[in-house]
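Visitor: Listed below are the residues making up each chain.
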Amino acid sequence: MKFLRMRPGHGEQLIAEGDPEVAEEHDALVEEFRRQLDLGMWAAIPLTSPTGLREAEMVSSFDQVPATTDRVIFFPRAAGGAA
Amino acid sequence: MIFALCATAIVIIALLSEIAWPYIERRLDARRVRREARRRGVAAPYDPGRERRAEQRARELLKSCVNEDEWAMYRDLGLIRVWGGQAGLPADSARDLRGVPYAYLIYPHKPIVAYLPMTGELLNEYCVEFPDETRPYGSARLPDSDDVLAKWMALKGDERRLIAEANLHLPGRQVDPKQVQRDIWRLGRWERERLERRAGTAEGDASPPPARPNNPGPLGL
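So the sequences go chain by chain: A and B. Residue 7 is where the first sequence starts when you use our numbering, and the numbers rise one by one after that. Residue 128 is where the second sequence starts when you use our numbering, and the numbers rise one by one after that.
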């Protein structure tokens, strides 16, 4: 599983990678997930439905990330713009 | 004679400024980012090459996440349409749509525009940004395609939450309604052409093989 983060001037950056089935790597992923949320990021998982349609799901804890997911994308939380 | 020359000069200056303005605007933006970076003590100045590479990576990520049609829409038209999915949102906050399908147009670094695809009527603008306050190069702005992907994921994943975070405005506040109407028209034409191409391809696939090597196909091609 890869954690990607969108960043200005970079595009996406790989910030963590690991196998959730391996206990140590699982813990590291959980830790990084929390850290990103504490930094004010939102997390989303790109999904493909059984009909082949691409969707996305927002997740707010690592428990919500399906084990089969290969990447989680973090991006800055939304803020109302140009009021 | 002098009056005519003056008038001609004014027209030439007006036309030149129209052409030069986008360039000047880009330069001013770059200058502003550099100044901001210096103020914050960031060593890296604005680098157009770096921004292009970032945008290229962002495009690849966007392509890998959205549907094929949506990617083609963004590549060809510079926008993505996402259908509204949740009952009671978004325009119900202002008026009752009674189940009429609505959709959003996502532009890079512009408000999301909600509209009724059946009539083309514009409903609202949702001004929303994804500022990265770590500002690795002095700017909090994501690459264009990352901004589009962030909006797409947030709308698909939690439409209600994104709309709640956005500033709601009537159409025309930031995005020119005429431009949006043109985009809706372009989108409709683009979809029709795409459907026709698909239908043509399907017919071509379904047609029997030519009896003779030089036998023309159903379209005479």
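Check before you lean on any hint, since a few could be wrong.
[Claimed, not checked] Covered stretches of chain A, going by a simulated chain B footprint (3 or more residues, C-beta under 8 Å):
#1 10-23
#2 30-42
#3 53-64
Hints were generated in silico from the structure; no laboratory data involved. Glycine included, C-beta positions come from ideal geometry on N, C-alpha and C.
Visitor: Please check whether the region 30-42 of chain A has three or more residues whose CB lies within less than 8 Å of a CB on chain B.
Guide: violated (count 0)
Visitor: Is the coverage entry for the region 10-23 of chain A by chain B consistent with the three-residue Cβ rule at 8 Å?
Guide: That given contact holds, which follows from 8 residues of the region 10-23 of chain A lying within Cβ reach (below 8 Å) of chain B.
Visitor: Report holds or violated for chain B covering the region 53-64 of chain A, Cβ cut-off 8 Å, minimum 3 residues.
Guide: Contact hint for the region 53-64 of chain A vs chain B: holds, 6 residues under 8 Å.
The structure fails to meet hint 2 from the earlier list, while all remaining hints are met.
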